[in-house]
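Enquirer: The residues making up each chain are set out below.
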Amino acid sequence: MNRALGYAVAAVPAVAFFATPFLPFVDTTRLWFGLPAVLVWGVVWTLGTTAALAVTERLGTHRDEQEGTTA
Amino acid sequence: MNSTMVIALAGMLGLALLGASGRRARARAHDLGDWTVGGRSFSTLTSWFLQAGEFFTTFSFLGFAGLAFSGGVAAVYALGYLALGLIPMYFLAPRFWKLGRDHGYVTQADFFTERFRSPLLGKVVAVVGAVFLLPYLQLQITGLGVIVQLATGSHSGAQLSMVLATALTAAFVLLAGIRGIARAAYAKDVLMVGALVLLLVAVPLGVSGGFGGLFSGIQHTRPELLTLRQDGLDATWFCCAMLISSIGTGFNTMPHLWPALLSARSGRALQKNYVWLPLYQIALAIPIVIGFAGALVLPRGTAPNDALLTMAGHALPGWLVGVVAVAAAGAAMVPSAAIVMGISSLVSHNLLPRGLGGRARLRANHATVLVAAGLALLLGLTRPDLLANLLLLTFGGLAQLAPATLAGLRAEVRLGAAPALLGIVTGVAVLGWLTFGGVDLGSVDAGLVALVPNIAVTWAAHLLLRQPAPLPDPAAEPATSRP
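Chains A and B, in that order, give the protein sequences. Quick note, in the numbering used here, the first sequence goes up one by one and the last residue is 1169. Quick note, in the numbering used here, the second sequence goes up one by one and the last residue is 1915.
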């Protein structure tokens, strides 16, 4: 269960990055905090990747992976 | 020779000396395994710098700023692919590392040889890796020449620096192997982050209205740079570029990244690094901001790759431009060192006859370092475009190793060597045809398209060539099932 949840959490930044050009509020000429919205979105989800992997780490997914019994 | 040039050359020498100081005692220096993977004893911190150091290349300095200069927010794909590449590696790296420790891998090709029990497949992967890495090595050396030329304004100085940096890089790699790369990576990463922060402060100050005025200026004069709806740099391009690049990094298909992974003390050390490495990659947003500043200030005809250092030249005094040039040169030297090590270990460890003794193999390895570095330098100086076409294939070509790599990670590898080999060869051949055959794919990445026949051929060959399951032996049935 934890393992599946770990994969799901880790997939969130991937979904966010690939959604970038399809979100009208992101792919816009408007600025967020004085910066291009796409750039801010990219930086936020780069931070979000660390957050997602930290959550995955907390869920203990690594204990299964460390054994190296499965890919 | 101006002060910028003196600082740039002195900085390169300093980086090489730092790298050479990683040399081990004589007894260990004759061991190819220790030279390549450092006895698999690197701490989490050392692994961090090695891995981070190889993500930031001359392309990070010049290319991302250049892409932002000409294509605006399209350059954000780099943030995406680097972060996304780390997610699969968080899960897979401990498995790669454990297999490497258990079976004594030194190279990527060792993985294919052992997992598929096929020296032939290992040799093919070694050839593919070495051939595709050579243009990548040349790119770093040529990029270093561009950096020094832009920083100093001297063409002859640029050529001198290319020769010097190549010689220094080869020297410290030969002397200290991966330990030398790790030491140089410490200094290079600190310098590089310092230089980028300096540029982030200084360059927007030179723009009318400062940092706040920079993007409102873009909004009024070049609004197309703020969206992913440009010709050739649209949503399809963005997603394809991000996907193929993250497949390459996420499934560990680049041969020169293997020594850094295999040299770690444990799989957990790597895994912890993958959690935090994305934070470091945020620094890549800085060249993108500088590229935007260039788009606002520089003439449209400016070569995109010149944007960052031209803006640095406008904003900083000569000696600070020299410091930025040293950081950028480090971004060429450290990845070059890893690439040349990747090529030499594939050749000496996987392509030379098995019967060769340890010392002879190490001598052959060191000769390969010199030949590869010399060849890349010679082509960079005399025929800079000769390998450019091959470079088009590098990332997409190495990504063709991803399906077999994934199959090889299973505890019990069910895919045979022949289907894996057929898939790789098909993928690379289709990629070559798509790239050089004049096939118009629009903004879809050719490497991504080539993965489709790669996987199809692998799967079809797997079904055709697999051994039929043995019929049940009636004599072996349990006694309880008999009447």
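Keep in mind that the hints were calculated from the coordinates and are not lab data. Backbone N, C-alpha and C fix where the C-beta goes; we use that ideal spot for every residue, glycine too. Be aware that one or more of the hints could be misleading.
Covered stretches of chain B, as calculated for chain A (at least 3 residues, CB under 8 Å) [stated by the list, open to error]: (1) 1501-1510; (2) 1637-1649; (3) 1661-1672; (4) 1884-1896.
Result set (SDA-like, lysine to any residue): computed pairs, CA atoms no more than 25 Å apart in a straight line [what the hints assert, rightly or not]: (5) B/K1704 with B/L1841; (6) B/K1704 with A/V1141; (7) B/K1704 with A/R1101; (8) B/K1530 with A/V1141; (9) B/K1530 with A/R1101; (10) B/K1704 with A/G1158; (11) B/K1530 with A/L1129; (12) B/K1555 with B/G1790; (13) B/K1530 with A/G1158.
Enquirer: Between the segment 1637-1649 of chain B and chain A, see if three or more residues pass the 8 Å beta-carbon test, and mark the coverage as holds or violated.
Expert: With 4 residues in contact (Cβ-Cβ under 8 Å with chain A), the coverage given for the segment 1637-1649 of chain B holds.
Enquirer: Could you grab the alpha-carbon distance between B/K1704 and A/G1158 and see if it respects the 25 Å cut-off?
Expert: Roughly 12 Å separates the two Cα atoms, so the pair holds.
Enquirer: Report holds or violated for chain A covering the segment 1501-1510 of chain B, Cβ cut-off 8 Å, minimum 3 residues.
Expert: holds (count 3)
Enquirer: For the pair supplied as a hint, B/K1530 and A/R1101, is the alpha-carbon distance within the 25 Å limit?
Expert: It holds: about 20 Å lies between the C-alpha atoms, which stays within 25 Å.
Enquirer: Under the criterion that the straight-line Cα-Cα distance not exceed 25 Å, is the pair B/K1555, B/G1790 satisfied?
Expert: holds (19 Å)
Enquirer: With a C-beta cutoff of 8 Å, work out whether three or more residues of the segment 1661-1672 of chain B approach chain A closely enough for the coverage to hold.
Expert: The restraint on the segment 1661-1672 of chain B holds, since 5 of its residues have a Cβ under 8 Å from chain A and three suffice.
Enquirer: What's the verdict on B/K1530 and A/G1158, does the C-alpha distance respect the 25 Å limit or exceed it?
Expert: holds (18 Å)
Enquirer: Check, residue by residue, whether the segment 1884-1896 of chain B contains three or more positions whose beta-carbon lies closer than 8 Å to a beta-carbon of chain A, and give the verdict.
Expert: violated (count 0)
Enquirer: Do the alpha carbons of B/K1704 and A/V1141 lie within 25 Å of each other, as the hint requires?
Expert: holds (21 Å)
Enquirer: Regarding the pair B/K1704 and A/R1101, is the alpha-carbon distance no greater than 25 Å?
Expert: holds (17 Å)
Enquirer: Given the hint that B/K1530 pairs with A/V1141, test it: the Cα-Cα distance must not exceed 25 Å.
Expert: This hinted pair is violated, its Cα atoms lying about 33 Å apart.
Enquirer: Holds or violated: B/K1530 with A/L1129, Cα cutoff 25 Å?
Expert: violated (46 Å)
Checked against the numbered hints listed earlier, the structure breaks hints 4, 8 and 11; every other hint is satisfied.
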